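Heads up: the sequence lines are chains A and B, in that order. Letter by letter, the first sequence follows residues 84 to 393 of our numbering. Letter by letter, the second sequence follows residues 2 to 276 of our numbering.
These aren't lab readings, by the way, just hints derived from the structure by calculation. A portion of the hints provided could be inaccurate.
[Unchecked claim] Here are the computed distance ranges between Cβ atoms for each label pair:
#1 Arg273/A - His56/B: 41 to 47 Å
#2 Gly32/B - Ala302/A: 37 to 43 Å
#3 Lys323/A - Lys8/B: 20 to 26 Å
#4 Pro339/A - Lys272/B: 37 to 43 Å
#5 Leu6/B - Gln380/A: 52 to 58 Å
#6 Ser382/A - Gln164/B: 36 to 42 Å
#7 Gly238/A - Trp111/B: 33 to 39 Å
The model shown is predicted, which means the values in this text are computed figures rather than measured ones. Glycine included, C-beta positions come from ideal geometry on N, C-alpha and C.
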Amino acid sequence: MSETRLKVVVTGIAGNLGRVVAKLLHREAHVIGIDRRPFVGRPKDVDHYQVDVRKKKTDEVFRRHRPDAVIHMGIMHDPRMSAEDHHSFNVLGTMKVLECAAKYGVKKVVMLSSANVYGPSPENSNFLTEDAPLMAASRFPSVRDLIEVDMLAHGFFWRHPEIETVLLRPVHIVGAAIKNAPSNYLRLARPWVMAGFDPMVQFIHTEDVGRAMIEALRAGRKGVYNVVGPGEVPLSKVFKELGHQPIALPHLLARPLLRTLFKYRLASYPPEELDHIQFLCMVDGSRWTQETGWKPQHSMRETLRSVLGE
Amino acid sequence: MKQGLRKWTQSMAGDDLDQRLQGSRPENEYGVDPFGFSLDYALSAIGPFVWLYKHYFRVDTFGIEKVPAGRVLLISNHSGQLPVDGAMIGVAMLTEAKPARVIRSMVEKWVPSLPFISTFFARVGQIVGTPENCRRLLEKDEAILVFPEGIKGISKLYPQRYQLQEFGLGFMRLALETNTPIIPIAVIGGEEQAPAVVNVKPLAKLLGFPVMPLTPYGAPFPLPVKYRLYFGDPLYFTGRADDDDSELEKKVKVVRAAIQTMIEQGLKERKAVFW
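Let the hints inform the model, and build the full structure from the sequences given.
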């Protein structure tokens, strides 16, 4: 292995998005994975450390490899987990990664956040720019750790101007094996929709997010960017495309009903998630598009149909 | 039913309406523009409004040829309890302006929380009235309708008819910032369509509406008054968008005075309310 190859630590590498990034990156760079899960299907030239990113072992990985760059995607969002576990893993994990990056001379940090930090609301402008306030937690308090992670990156910009930090906020990520809320929702054969509401929504294919993360590694890139996929589409057309038959429920009924179902573990979505299928939470990705010449490779049709494993 | 409605629209507004509008907006493979406007949906949905325009309110439009191509702010007085005035200006721009134009209007922030209405508004091109949305649309050279009196204008009681309320300054900031000409519009007729005598505030609160006006015959159902729309000459303003309110107020007064003059002229010329 030549010494001139870029050395990149990737956290959360065993997840679906992590594996996409590893696959796209491992031929050009020396990829070093950190994840507490085993990395199934790991390419031979990728080093993987099955450790919890919050632990001291992370220091050791950085000390041994002295990476040039870090891609931090070790964030989780599972509404069933306690707020404490969430908070600890996401916030303390991110703090640890940033601390190591500063301590061991990393030159580039790429962090994955989400366009969901802005939060859906009836008062939203149709396209939110990177300067829009992060309001998600005002209606859905249990996502505040995701906002805190986003804010940690902002603090890092100020404290370490010598490090090129890139914070990406992609729209809803969907893909074949992805188990996040939007992908799971699109897979439902009889999904709930809110009667009389048909908000415009944005999606991006996992592979396109992976490509964006790698694009962010390029020297000179720094800053906060919304990352959009192939455009905007009304929710109703999404289900038409997928051939699913939505069930329209009055929104005043759907909330208490879902609250009860969630409480008794009969539904996997907390009622606050209904905001996403009732109101707008779309972003303006033009800053990223203009600065990088970004173009998603997957069309809207391909992106939507990817959740079906096509 | 959708096809039927669309045919109806075309029978009233001309068969070639969709061709005249085709390509006026970038639609994706799902038939919508990024803001959720759908020409197909709009042509079906506006049928009833074209009928109202031609046969119920029998709208007379004056000076619509003064609307310039490209970005423009249409600034109008507001009246009638229900926003019929907005719909009639929209139909006029669609059926009488050359070339036909789909206009955007800025709707109240509570509209997106209303079922069905929110979807309807989005598909026919109406957007939540945030400055950010307005700026974005003007930069795309759209025509935007703004009622600077807002709720205060539309919910006036009958004794206050044709008295212009205070104008907001937001539209002027956007006009200066995006270098957009302003077309003043006077709507005559709207004030008499639903003569409200009382605003029942507790009922409004209960329903979550900003106001709840009642007419002598109950709900503010629009009567078949005759509408007259007067389009004024374009007004061009220069100056700093972030100027003091007092500076902007001077410019807004010019627009307000232009509308006031046209209202007075329109009222003088009109012989009757219903014909």
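Is the gap between the beta carbons of Ser382/A and Gln164/B within 36 to 42 Å? Between Ser382/A and Gln164/B, where Cβ atoms are some 54 Å apart, the hint is violated.
C-beta pair Arg273/A, His56/B: status relative to the range 41 to 47 Å that was hinted: 43 Å, holds
Pairwise beta carbon distance, Leu6/B to Gln380/A, judged against the given window 52 to 58 Å: This hint is violated: roughly 39 Å between Cβ atoms.
Quick check on a hinted range of 20 to 26 Å for Lys323/A and Lys8/B, using CB atoms only. 23 Å, holds
Just tell me: holds or violated, for the beta carbon distance of Pro339/A and Lys272/B against 37 to 43 Å? 57 Å, violated
Determine whether the Cβ-Cβ distance between Gly32/B and Ala302/A falls within the hinted range of 37 to 43 Å. Holds, since Gly32/B and Ala302/A (Cβ atoms, about 42 Å apart) stay within the stated range.
Cβ separation of Gly238/A and Trp111/B, checked against the hinted range 33 to 39 Å: The hint (33 to 39 Å, Cβ to Cβ) holds, given that Gly238/A and Trp111/B are roughly 36 Å apart.
Taken one by one, the earlier hints fail for this structure at numbers 4, 5 and 6, listed in ascending order.
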